[in-house]
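Letter 14 of the sequence shown, counting from 1, is numbered 1268 in this note's numbering, and no numbers are missing.
Watch out, some of these pointers could steer you wrong.
[Unchecked claim] Cβ-Cβ distance ranges computed for the label pairs, FRET-style:
#, residue 1, residue 2, range
1, Ile1301, Asp1277, 32 to 38 Å
2, Ala1270, Leu1309, 56 to 62 Å
3, Arg1290, Glu1268, 29 to 35 Å
4, Ala1271, Glu1291, 27 to 33 Å
5, Arg1303, Asp1269, 48 to 54 Å
6, Thr1305, Ala1271, 49 to 55 Å
7, Leu1264, Ile1301, 53 to 59 Å
It should be emphasised that the hints constitute simulated quantities derived from the structure, not laboratory data. Model, not experiment: these values are computed from the prediction. Where is the CB? At the ideal position from N, CA and C, for every residue including glycine.
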Amino acid sequence: MNIQSVLDALGIQEDAARALADDLRAQITALQARLREAETRLEHLAITRKTVTALGERLPAHPSDAGHGRRAARQ
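Using the sequences provided together with the hints, build the complete structure.
Here it is, written out as structure tokens:
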């Protein structure tokens, strides 16, 4: 085996490694975008939970309680 054959074989391996690295970078970019979307969704759900919890604390426990409160206030 001469030096040129070794260099050619190295070139082929470098091209394959470069293609793999490029493919992995593309996958990482796509995964980062999906991760950002998932994190945004989680953030929105946390805000929704906080809002619903806050509203729940302000509303009467039973719908019939609200009617009694209004009647009592009118009398």
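Status of each hint after checking the structure:
1. As the Cβ distance of Ile1301 to Asp1277 is approximately 37 Å, the hint placing it in 32 to 38 Å holds.
2. The supplied range of 56 to 62 Å is met by Ala1270 and Leu1309, whose beta-carbon atoms lie about 58 Å from each other.
3. The given range of 29 to 35 Å is respected by Arg1290 and Glu1268, whose C-beta atoms sit roughly 33 Å from each other.
4. Distance hint for Ala1271 and Glu1291: a CB-CB separation of about 31 Å, consistent with the stated range 27 to 33 Å.
5. Under the hint 48 to 54 Å, the C-beta atoms of Arg1303 and Asp1269, about 51 Å apart, fit the expected range.
6. The hinted window of 49 to 55 Å between Thr1305 and Ala1271 holds, with their beta carbons roughly 50 Å apart.
7. Under the hint 53 to 59 Å, the C-beta atoms of Leu1264 and Ile1301, about 54 Å apart, fit the expected range.
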